[in-house]
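**Student:** Sequence lines, in order, name chains X and L. The numbering of the first sequence is my numbering, which starts it at 10 and goes up by one. The numbering of the second sequence is my numbering, which starts it at 2 and goes up by one.
Hints were generated in silico from the structure; no laboratory data involved. The beta-carbon is built from N, C-alpha and C at its ideal position, and this holds for glycine as well. Just so you know, not all the hints are guaranteed correct.
As the list claims (entries may be wrong) - Short derived list, chain L residues pointing at chain X, Cβ under 7 Å: (1) G119; (2) G122; (3) Y123; (4) G127; (5) L128; (6) H131; (7) Y132; (8) A134; (9) L140; (10) V142; (11) E146; (12) I147; (13) Y305; (14) A307.
Unchecked claim - Simulated coverage check for chain X against chain L, where a stretch passes if three residues somewhere in it have a Cβ under 8 Å from a Cβ of chain L: (15) 214-228; (16) 234-242.
One letter stands for each residue in the lines below.
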Amino acid sequence: MDLLIFQVPILMVQASLDGILLGILFALIAYGMALQWGVMNIINIAQGDLVILGGYIAYFMYLSGIHPALGVIVAPVIMYFVGVGLYKLVINKVVDRDLFISILATFGISILFMQLMNFAFGADVVLANSEFGTTMLFNNSVTLPNSKLFSAIISIIFAIGLVVYMKKSKLGRAIRATAQNARAAKILGVDTEKVYAATFGINAALCGVAGALVAITFTIHPYMGLPYTIRSFMIVIIAGLGNLPGVAVSGMGLGVFEEFADYILGTEFRIGSVFLLLVLILVYRRFKLSKKREYLK
Amino acid sequence: MKNNNIILYAAILIFGVLAPFMLPAFKVQLSILCILIVLALTWNIQGGEMGYNSFGNILFYGLGMYICASVQVGMFFPLSEWTESGGEKTFVHSPTQFFQGMAFGLLAAAIIPTMVAGLIGYAILGLRGHYFAICTFGLGVAAGEISGGIEIIGAGQGFTTPPFPETGNLESRGQFFYFLSFLVLVLTFVAVKSVYSTRFKLVLNAIRDNEDKAEAMGIQTMKYKIIGWMISAFFCGLAGGIMGGLVGYIDSTDVAFDGREMGVFMVLMAILGGKGTLWGPVIGATLFHLFKEGFWTYFLGWQYVALGVLIVVIVIYFPEGLMGWLREKYPERFGEVVDEADRKAQVELK
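So here's chain X without its partners, still in its complex pose:
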């Protein structure tokens, strides 16, 4: 327990700022999760591993001398095909099945990805240095790495772009129709199989963008995927499916919570506190819902 943050209030500004910028990134990943959860009714445990894979794409661009910021364009393209391939291989067999089956299947994919990345890229913690520099605020007492600002802006651009795409394009309409009622959509001529594949691909592409941003702003490691899955799951259940402003707000809230937990409890409890928060939120939700049920009685 460290109470430094309450003695030096400027740290609160620092933590909040970091948290909000981080949270925007989380919200982008959570958006992908909400999309495929809503459309396919699948909870993808491998979500975080897709993020890390996207991060490695940016990292390899950095290694080969290309600016890693361009990873936000390359990573989603590659990841889209990874996502579609994954759908064709595994996910299409679990779409209509019991939710537990899909959780377990994606959990298997997650373990597989983790280990393959460990073989392919090594077990070192790496980052793609963007050399964007740092901005100092408030008399040099708050540091703001420009890369974080960049990642937040790119996340917002992609999120808005996707929302517009979902509203306007033909595929977007088909996806929304399938989400509302897959059978009716099928009857009306929507190729739901294709829609599912595209949805999973889009989700993977979003993960790719987020991953490239993670590689630029933080660090990546083959085993770091799972917390991202849990965070996005948490954000989606706080916000509720299909509530996009909610996803953004709860993403930022989670980011701020994490930064404060980092200062107060210490870094070693950071991931633990995220998982504990998940349990608490689910329990809170359960009691709230059971109250509602009692009214119905």
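Assemble the complex: chain X is given as a structure, and chain L must be docked to it using the hints.
**Tutor:** Below, chain L alone, put in the same frame as chain X:
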């Protein structure tokens, strides 16, 4: 039929007792097999029979492991100094102290997780479906992360459990742990089997099939769910306590709250054998252990890749497990009444 069963049980019991003398080189493997079967059986109580697919039973296993070791050390020596210095060098358990500590440790390792399950059960078991799965998963990971930050039980550097006292006989350590785990296995099997022959099991199945209807029929589902989970936790904790002594070293995320290995294994074993059956988890665990040891030995490094593929394959192509497959093939053997005409009609339809 009844006679056959008795012969089968007797054969297994005799094999179990003689195994360490017949296969002295595999004592540790056999002990681990016993523990794995116990874990699969306990998981099956709420995963298979109750329909509550928990990824978090590793919580009780890890708790049991830490508690057993802590009690065993803490009864005789200061715990914080032990973990700080890798204490086994400065403090030595005499044989009496070791066995006394182990006995009390296992007792605590069974009781405390059961109490924990009872305490959190009301909150957690109210969740349904995937919310329950993810929530328990979160519990397991959170426990691992948090215990990795607590100094008194060794934090990140791990906790060495008391070494087995020198008795002059090199075989005795392996034999002791083997018989301990075999005893727990027999206890678990008998307990689970007797539980499954009561009304309790029917209630659990009713909850699995349709919880709202079960509640409407006047069953206090919450009470049964909590009791089911507590039974699970009891044996999970025992298994964890023994495994801690067997491995000799406890690390928060790699040994105790090892969601990536044990946590998945117990689910996988139960599914492989066929969840919701008595023998399924036993068979599944045995097969899985054979497969795992083969892979872990000959393809070292690729074991998690194999595990990932195995999970996907089992879940997609084999979700009913071995017992489920057998049941579909030979329904008569499972005491189901088969209408021959109906069966013939089905075959013709195909």
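**Student:** Each hint: holds or not?
**Tutor:** Status of each hint after checking the structure:
no.: 1; hint: G119; verdict: violated (15 Å)
no.: 2; hint: G122; verdict: violated (11 Å)
no.: 3; hint: Y123; verdict: violated (10 Å)
no.: 4; hint: G127; verdict: holds (4 Å)
no.: 5; hint: L128; verdict: holds (5 Å)
no.: 6; hint: H131; verdict: holds (4 Å)
no.: 7; hint: Y132; verdict: holds (6 Å)
no.: 8; hint: A134; verdict: holds (5 Å)
no.: 9; hint: L140; verdict: holds (5 Å)
no.: 10; hint: V142; verdict: holds (5 Å)
no.: 11; hint: E146; verdict: holds (3 Å)
no.: 12; hint: I147; verdict: holds (4 Å)
no.: 13; hint: Y305; verdict: holds (4 Å)
no.: 14; hint: A307; verdict: violated (9 Å)
no.: 15; hint: 214-228; verdict: violated (count 0)
no.: 16; hint: 234-242; verdict: holds (count 3)
Against the hints set out earlier in the document, violations occur for numbers 1, 2, 3, 14, 15.
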